[in-house]
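Student: Each protein sequence line maps, in turn, to chains A and B.
So the first sequence is numbered by this note's numbering: it starts at 1 and just counts up by one.
So the second sequence is numbered by this note's numbering: it starts at 1 and just counts up by one.
Source of the hints: derived by calculation from the structure; they are not laboratory data.
Here a beta-carbon is modelled for each residue, glycine too, at the ideal position from N, C-alpha and C.
One thing to keep in mind: the hints can contain errors.
Taking CB as the label site, the calculated pair distances span [stated by the list, open to error]:
hint, chain 1, residue 1, chain 2, residue 2, range
1, A, Lys28, B, Glu414, 32 to 40 Å
2, B, Pro65, A, Ala464, 18 to 26 Å
3, A, Lys28, B, Phe555, 23 to 31 Å
Heads up, simulated DSSO-like pairs for lysine-lysine below, C-alpha to C-alpha not over 27 Å straight-line [what the hints assert, rightly or not]:
hint, chain 1, residue 1, chain 2, residue 2
4, B, Lys28, A, Lys12
5, A, Lys28, B, Lys86
6, A, Lys248, A, Lys238
7, B, Lys536, A, Lys536
8, B, Lys86, B, Lys536
9, A, Lys238, B, Lys86
10, A, Lys15, B, Lys248
11, B, Lys542, A, Lys230
12, A, Lys542, B, Lys536
13, B, Lys542, A, Lys238
14, B, Lys28, A, Lys15
15, A, Lys248, B, Lys86
16, B, Lys411, A, Lys248
2 protein chains.
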Amino acid sequence: MMSDIEIAQGSKPLKITEVAAQAGVDEKYVEQYGGYKAKIDYSLLEETERPDGKLILVTAITPTPAGEGKTTTTVGLADGLRRIGKKAVVALREPSLGPVFGVKGGAAGGGWAQVVPMEDINLHFTGDFHAIGAANNLLAAMLDNHIYQGNALSIDPKRITWRRCVDMNDRQLRNVVDGLGGRVNGCPREDGYDITVASEVMAVLCLSRDVDDLKARLSRMIVGYTYEEKPVTAGDLKAAGAMAALLKDALKPNLVQTLEHTPAFIHGGPFANIAHGCNSIIATRMALKMGDYAVTEAGFGADLGAEKFLDIKCRMAGLIPSAVVVVATVRALKHHGGVAKADLGTENLAALERGLPNLLQHVENITTVFGLPCVVAVNAFPTDTRAELELVEKRCSELGVNVALSEVWAKGGEGGEALAREVVRLCEQPNHFSQSYSLDQGIEEKLETICKRIYRADGVVLTANAKKQAKQLESLGFGNLPICMAKTQYSFSDDAALLGAPRGFTVTVRNLKVSAGAGFIVALTGDIMTMPGLPKVPAAEKIDVDSTGRISGLF
Amino acid sequence: MMSDIEIAQGSKPLKITEVAAQAGVDEKYVEQYGGYKAKIDYSLLEETERPDGKLILVTAITPTPAGEGKTTTTVGLADGLRRIGKKAVVALREPSLGPVFGVKGGAAGGGWAQVVPMEDINLHFTGDFHAIGAANNLLAAMLDNHIYQGNALSIDPKRITWRRCVDMNDRQLRNVVDGLGGRVNGCPREDGYDITVASEVMAVLCLSRDVDDLKARLSRMIVGYTYEEKPVTAGDLKAAGAMAALLKDALKPNLVQTLEHTPAFIHGGPFANIAHGCNSIIATRMALKMGDYAVTEAGFGADLGAEKFLDIKCRMAGLIPSAVVVVATVRALKHHGGVAKADLGTENLAALERGLPNLLQHVENITTVFGLPCVVAVNAFPTDTRAELELVEKRCSELGVNVALSEVWAKGGEGGEALAREVVRLCEQPNHFSQSYSLDQGIEEKLETICKRIYRADGVVLTANAKKQAKQLESLGFGNLPICMAKTQYSFSDDAALLGAPRGFTVTVRNLKVSAGAGFIVALTGDIMTMPGLPKVPAAEKIDVDSTGRISGLF
Chain A
1 MMSDIEIAQG SKPLKITEVA AQAGVDEKYV EQYGGYKAKI DYSLLEETER PDGKLILVTA
61 ITPTPAGEGK TTTTVGLADG LRRIGKKAVV ALREPSLGPV FGVKGGAAGG GWAQVVPMED
121 INLHFTGDFH AIGAANNLLA AMLDNHIYQG NALSIDPKRI TWRRCVDMND RQLRNVVDGL
181 GGRVNGCPRE DGYDITVASE VMAVLCLSRD VDDLKARLSR MIVGYTYEEK PVTAGDLKAA
241 GAMAALLKDA LKPNLVQTLE HTPAFIHGGP FANIAHGCNS IIATRMALKM GDYAVTEAGF
301 GADLGAEKFL DIKCRMAGLI PSAVVVVATV RALKHHGGVA KADLGTENLA ALERGLPNLL
361 QHVENITTVF GLPCVVAVNA FPTDTRAELE LVEKRCSELG VNVALSEVWA KGGEGGEALA
421 REVVRLCEQP NHFSQSYSLD QGIEEKLETI CKRIYRADGV VLTANAKKQA KQLESLGFGN
481 LPICMAKTQY SFSDDAALLG APRGFTVTVR NLKVSAGAGF IVALTGDIMT MPGLPKVPAA
541 EKIDVDSTGR ISGLF
Chain B
1 MMSDIEIAQG SKPLKITEVA AQAGVDEKYV EQYGGYKAKI DYSLLEETER PDGKLILVTA
61 ITPTPAGEGK TTTTVGLADG LRRIGKKAVV ALREPSLGPV FGVKGGAAGG GWAQVVPMED
121 INLHFTGDFH AIGAANNLLA AMLDNHIYQG NALSIDPKRI TWRRCVDMND RQLRNVVDGL
181 GGRVNGCPRE DGYDITVASE VMAVLCLSRD VDDLKARLSR MIVGYTYEEK PVTAGDLKAA
241 GAMAALLKDA LKPNLVQTLE HTPAFIHGGP FANIAHGCNS IIATRMALKM GDYAVTEAGF
301 GADLGAEKFL DIKCRMAGLI PSAVVVVATV RALKHHGGVA KADLGTENLA ALERGLPNLL
361 QHVENITTVF GLPCVVAVNA FPTDTRAELE LVEKRCSELG VNVALSEVWA KGGEGGEALA
421 REVVRLCEQP NHFSQSYSLD QGIEEKLETI CKRIYRADGV VLTANAKKQA KQLESLGFGN
481 LPICMAKTQY SFSDDAALLG APRGFTVTVR NLKVSAGAGF IVALTGDIMT MPGLPKVPAA
541 EKIDVDSTGR ISGLF
């Protein structure tokens with residue numbers, strides 16, 4: 001069997017100029033990065049008179065170690081749409097170097113449903129993440145320099161919230177003391193690093209509509225508090241202009257292609273816990289402008305990724321999806337039904353029946369809470385039995401939702417045609433989109449609404465600390481922002497061990513923080529790891545490049 | 001008067017594909033980065049059958065606060081060569097973000113002798129420095145992870161020499177303690193950051209002939225020592241392949257153009273103290289392959305920059321320069337003669353006479369020690385008087401060296417024609433190039449040779465510590481490496497206050513370190529700052545970008 005990188009390197013991509021031309025993009029907007037990557041200038045959005053296409057969101061059941069194949073399905077669906085004669089464009093997140101060198105290898109789809117050049121996409125691509133890291137770290141340097149040079153703003157060094165970042169899994173940097181070495185070398189204080197995808201600059205870039213919006217959001221970002229507990233922003237430090245200058249190219253979406261030459265934007269990649277977990281608004285808008293169908297995805301399961309996509313990103317950008325695809329695998333559903341990983345290859349209808357409520361709750365959330373047409377894509381595995389697939393179909397049909405078998409990993413776009421046809425049908429169905437909560441609600445009320453409506457919790461509990469923070473944030477004028485839930489992705493609840501569709505639980509919110517530039521309040525239900533570590537044998541040990549520049553060891 | 005950025009933004013550059021085509025580069029080697037930047041694939045070097053052009057080095061007198069204009073002269077000379085009908089190509093270093101956001105603003109020439117697009121060149125360009133930083137920091141993460149995961153190599157955490165890096169002036173990171181926060185968050189140890197240009201990865205990239213050489217050099221880099229004092233390398237950590245994969249594009253030289261459309265490679269930028277301070281060997285070789293005259297520069301004054309260019313880079317790459325340009329200004333020479341900065345605009349022949357020995361010693365080093373044809377370029381200022389210029393000419397002619405007035409800042413290539421004609425003449429003169437010391441000499445002997453022949457010191461003194469280090473390095477097999485002097489750039493001596501051409505001093509070497517990947521021994525004569533800080537009002541506060549992506553505030 002061929003590995004992902006072998007399939008990718010064996011493909012014959014079109015020149016990116018040709019991909020752009022076929023998508024109707026005037027060459028004046030195309031900034032080539034080598035032969036097979038390009039940045040597309042955002043002025044295209046203002047200058048192109050073309051009605052937007054239909055927006056398709058691909059999301060998934062609650063993730064399990066068995067894997068779901070959300071990106072693969074997104075890519076294969078777009079290729080499938082293209083094969084049935086539709087003009088489709090993909091919009092995805094950019095991979096971080098952290099997982100590439102850690103455990104995961106590549107992150108650009110899989111099998112015959114990939115985006116290429118996968119090596120470049122996985123290995124700092126067009127440099128966007130480094131630009132984001134540089135902007136983040138310029139702000140940090142200007143902040144510490146401000147304190148060092150006299151601290152005119154009276155920033156309390158013990159209340160600095162801005163952390164430095166690097167696009168790398170480096171646990172050694174989680175907690176540091178910097179500014180050591182005496183008077184000329186800074187001011188000693190506790191500090192720490194996040195991985196770049198967790199930087200608020202990443203979320204800001206992905207939620208900005210244009211350069212002016214980017215600058216305004218950067219300016220609003222809070223870096224810490226004064227001795228009088230007043231917020232200090234990047235704007236106060238006069239850092240926003242230079243940060244935006246560093247980001248001027250990173251703000252332009254990257255165009256690549258699928259193995260079947262479908263145009264694909266890959267742009268931005270905020271964390272899906274402390275941020276909203278989907279590609280940039282500009283890339284999504286560009287995909288809508290260029291395609292009759294724009295296929296995009298959101299991080300983690302639908303309780304986190306789709307909820308934030310719909311409640312945060314669509315709300316800020318004024319987007320209305322036409323259909324939602326919920327990806328599931330029979331294996332993962334059996335895992336939700338209590339089957340150990342080693343036994344997932346054996347038919348087990350009882351376990352499947354026990355696991356199915358997880359899928360059904362996600363589906364119901366899409367159709368009932370958000371009012372959107374929905375299809376379940378079962379990402380096919382050779383071990384799936386006919387009886388198992390029929391059971392999934394039966395339970396979904398009871399909710400009025402069809403199931404399409406997706407064989408895109410093995411067959412590419414051909415394996416996505418059935419799904420594509422159902423998506424096209426759904427796009428013509430009535431659409432009753434609404435967000436799951438209103439911004440007018442108080443912070444606690446919004447939290448309760450999400451926990452009850454989406455997670456089906458009995459309610460939400462705020463710690464004393466979180467209650468105090470909620471009051472403070474409301475008094476600072478942040479009460480009407482949307483909520484960004486930072487919760488385990490492995491359960492509807494805040495307990496990773498509760499698989500399936502748990503009931504009779506409450507969600508505890510321990511911390512509330514504002515991301516004032518991104519424009520949401522982050523609700524932390526536990527410790528969220530914002531700087532991963534490398535495993536005992538990092539994937540990096542196997543990655544290599546030969547004398548011609550050809551990469552190996554990504555998978 | 002127009003600022004540098006106004007001149008640059010008012011220019012009409014050619015498409016980079018056209019610049020490459022005019023230089024005879026087949027389009028298959030050209031990887032566009034937008035319309036006006038490209039990377040050129042290194043396979044061009046193997047596949048192009050064209051005799052190499054002449055190599056011209058531009059260096060300078062000992063730097064002063066008055067400024068010399070080395071990059072400006074390099075650019076203007078190439079434009080001048082082109083105006084007199086010669087095929088010239090420039091090879092320069094890439095600017096670091098540190099000075100851009102600190103005090104200096106841009107670093108891409110000045111006036112009418114600039115390389116463009118200057119905003120992009122100054123603002124992380126094609127991402128090379130971030131790639132170098134990522135490779136550096138991947139190695140750091142793998143090193144700490146190795147210790148965390150059981151430390152099979154028995155690395156002594158107190159003898160780690162590898163530091164993390166970021167392309168930013170951030171004094172807060174000079175000295176840190178990382179790995180804090182308990183058992184799951186790493187192992188607490190002292191650590192620190194350098195600016196990316198000070199990373200050994202930068203020097204390695206710039207000295208590598210191809211991908212295989214890059215990988216071999218990366219493998220040899222020493223990250224620390226075991227409890228038994230044995231060196232531990234990046235190769236031991238199995239990091240070199242992934243690091244090289246991160247660097248696969250960074251290894252390709254960047255092609256841009258001067259304001260007058262002369263092709264210019266801008267590639268790599270190692271520190272000129274703890275490293276060798278010139279652009280990559282691959283870029284220089286490419287400039288030689290494409291031009292009849294390849295004009296390049298070296299960092300700081302000729303005692304550091306030219307010495308390392310000739311003794312390290314040319315030796316490793318097998319290059320023989322055909323002529324050397326030593327840039328001086330009347331103002332700077334008067335400063336060497338003891339005139340305060342405020343009075344440099346007034347004619348002062350006595351001070352000039354006192355300062356001239358600085359220039360003459362640099363010139364003599366080039367002609368006598370290195371055996372190379374030399375010309376002095378006086379970078380013209382409006383305040384220079386006829387008598388002052390004549391005095392410079394007179395003293396230089398006594399050494400058999402001509403002076404050319406360079407007016408490239410004000411007039412572009414036209415102002416460089418006189419210099420260009422002299423350079424062309426020199427390239428036909430006899431060339432007796434030899435390095436200033438032999439690799440066979442012992443470490444102390446090499447140090448003494450450099451200090452006596454180049455600096456005209458009475459000798460070199462090694463501290464007890466340095467003596468011990470020299471023995472250790474020789475016993476580890478590093479005795480035959482060239483020396484990279486890390487000395488103040490403001491004096492021939494190791495005392496920044498000794499201007500002009502001091503005599504009767506000795507140089508004290510306090511530390512010796514091997515850069516085993518770069519392939520040289522760094523001799524530190526004092527504390528060398530490898531992480532600058534921001535000034536009270538950072539240049540970043542003035543930098544901005546408008547809604548169309550246009551940058552302002554670089555100067």
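Student: Given the hinted pair lysine 28 of chain A and lysine 86 of chain B, is their Cα-Cα distance within 27 Å?
Tutor: violated, 34 Å
Student: A range of 18 to 26 Å was offered for this pair. Does it hold for the Cβ distance of proline 65 of chain B and alanine 464 of chain A?
Tutor: Once the Cβ atoms are compared, 59 Å apart, the range 18 to 26 Å for alanine 464 of chain A and proline 65 of chain B is violated.
Student: Is lysine 542 of chain A close enough to lysine 536 of chain B, meaning Cα to Cα at most 27 Å?
Tutor: violated, 46 Å
Student: Quick one, are lysine 248 of chain A and lysine 86 of chain B close enough, alpha carbons at most 27 Å?
Tutor: Roughly 37 Å separates the two Cα atoms, so the pair is violated.
Student: Would the pair lysine 86 of chain B and lysine 536 of chain B pass a check requiring their Cα atoms to be no farther apart than 27 Å?
Tutor: The given pair, whose Cα atoms are some 46 Å apart, is violated under the 27 Å limit.
Student: With the threshold set at 27 Å, check whether the alpha-carbon distance from lysine 238 of chain A to lysine 86 of chain B stays at or below it.
Tutor: Violated, at roughly 47 Å.
Student: Does the structure keep lysine 248 of chain A and lysine 238 of chain A at a Cα separation of 27 Å or less?
Tutor: Status holds; Cα separation ~17 Å.
Student: Run the distance test for lysine 28 of chain B versus lysine 12 of chain A: straight-line Cα separation, threshold 27 Å.
Tutor: holds, 16 Å
Student: Is the hinted pair lysine 542 of chain B and lysine 238 of chain A satisfied, with a Cα-Cα distance of at most 27 Å?
Tutor: Holds. Lysine 542 of chain B to lysine 238 of chain A sits at ~8 Å (cutoff 27 Å).
Student: Verify the CB-CB distance for lysine 28 of chain A and phenylalanine 555 of chain B against the hinted window 23 to 31 Å.
Tutor: holds, 29 Å
Student: Look at the Cβ atoms of lysine 28 of chain A and glutamate 414 of chain B and judge whether their distance stays inside 32 to 40 Å.
Tutor: For lysine 28 of chain A and glutamate 414 of chain B the Cβ distance comes to about 33 Å; the hint holds.
Student: Holds or violated: lysine 536 of chain B and lysine 536 of chain A, Cα atoms, limit 27 Å.
Tutor: violated, 44 Å
Checked against the numbered hints given earlier, this structure breaks hints 2, 5, 7, 8, 9, 12, 15, 16; the rest are met.
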